[in-house]
Amino acid sequence: MILDLICESLPPLLASSILTIHLTCISLAIGAFLSLPLGLGRLSKNRWIAGFCFAYVYYFRGTPLLVQIFLIYYGLPQIGLTLGAYMSALISLSLNTAAYTAEIIRGGIQAVAAGEIESAHAMGMTRSQVLCRIILPQMVGFALPAYGNEIILQIKATSLASTITLMDLTGMARTLAAETYAPLEIFSVAGIIYLAMVITTSKLVAWMERRWTAYRR
560 MILDLICESL PPLLASSILT IHLTCISLAI GAFLSLPLGL GRLSKNRWIA
610 GFCFAYVYYF RGTPLLVQIF LIYYGLPQIG LTLGAYMSAL ISLSLNTAAY
660 TAEIIRGGIQ AVAAGEIESA HAMGMTRSQV LCRIILPQMV GFALPAYGNE
710 IILQIKATSL ASTITLMDLT GMARTLAAET YAPLEIFSVA GIIYLAMVIT
760 TSKLVAWMER RWTAYRR
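Take the position in the sequence shown, starting the count at 1, then add 559; the result is the number in the numbering used here.
For the record, the hints were derived by calculation from the structure and aren't laboratory data.
A few of these clues could be false.
As the list claims (entries may be wrong) - Under the rule of at most 25 angstroms between Cα atoms (straight-line distance), these lysine to aspartate or glutamate pairs were calculated in the DMTMM-like manner: (1) 715 to 567; (2) 604 to 677; (3) 604 to 662; (4) 762 to 677; (5) 715 to 677; (6) 762 to 675.
Claimed, not checked - Restraint ranges, calculated between C-beta atoms of paired labels, are given here: (7) 636 to 734: 20 to 28 angstroms; (8) 596 to 563: 46 to 54 angstroms; (9) 614 to 646: 23 to 31 angstroms; (10) 743 to 630: 28 to 36 angstroms; (11) 673 to 584: 33 to 41 angstroms; (12) 571 to 613: 25 to 33 angstroms; (13) 563 to 629: 31 to 39 angstroms.
Every residue gets a Cβ at the ideal spot worked out from N, C-alpha and C, and that includes glycine.
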């Protein structure tokens with residue numbers, strides 16, 4: 560009976576995991592786009608730029624993601640801006656991961672040897688050339704392991720989207736558990752699917768690290 564229940568619940572759980580993967584990939588892409596200027600802004604000598612970037616990172620890293628989701632989904636309608644569950648989850652996840660990724664980028668940039676940057680300037684390179692040819696290529700190598708952890712955390716963070724009625728993997732698991740009165744079996748299967756995603760991501764990031772190291776040599 561348990562095996563039959565697992566076999567019946569597996570197809571809808573796998574189907575809903577597509578939304579989880581979609582949310583993860585799109586939010587990571589948007590977050591990566593936002594994080595580079597934020598990370599560079601954190602290192603800016605302009606105190607207004609640095610202050611804004613610091614405040615952004617401090618807020619989104621210092622408050623729970625669930626609160627951020629609720630603020631966008633339930634709070635924005637109070638000022639006349641109503642967003643659907645999917646868009647609210649996507650915006651929240653994107654803004655949140657941008658803050659964490661910005662700190663990863665900042666740490667990666669600061670890990671680049673100051674002597675190499677000074678040598679590049681001494682050779683007549685402009686600031687943009689130093690950034691593109693010296694800093695960013697090395698920063699990627701330093702940041703990849705930490706960013707791999709951020710991807711894994713983002714996969715698990717998408718489960719919070721189910722709190723605003725989004726039928727991702729966790730949302731589907733909650734629905735099936737309520738219908739079958741078998742939360743142990745249903746959530747165990749959901750957990751295995753999440754684990755498979757995490758293991759796959761870890762393998763992919765490790766492969767990217769090896770490829771990047773070989774390329775830099």
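Status of the hints after comparison with the structure:
no., hint, verdict
1, 715 to 567, "holds, 24 angstroms"
2, 604 to 677, "holds, 17 angstroms"
3, 604 to 662, "holds, 17 angstroms"
4, 762 to 677, "violated, 36 angstroms"
5, 715 to 677, "violated, 41 angstroms"
6, 762 to 675, "violated, 32 angstroms"
7, 636 to 734: 20 to 28 angstroms, "holds, 25 angstroms"
8, 596 to 563: 46 to 54 angstroms, "holds, 53 angstroms"
9, 614 to 646: 23 to 31 angstroms, "holds, 24 angstroms"
10, 743 to 630: 28 to 36 angstroms, "holds, 33 angstroms"
11, 673 to 584: 33 to 41 angstroms, "holds, 36 angstroms"
12, 571 to 613: 25 to 33 angstroms, "violated, 44 angstroms"
13, 563 to 629: 31 to 39 angstroms, "holds, 38 angstroms"
When held up to the earlier numbered hints, the structure conflicts with 4, 5, 6, 12 and fits the remainder.
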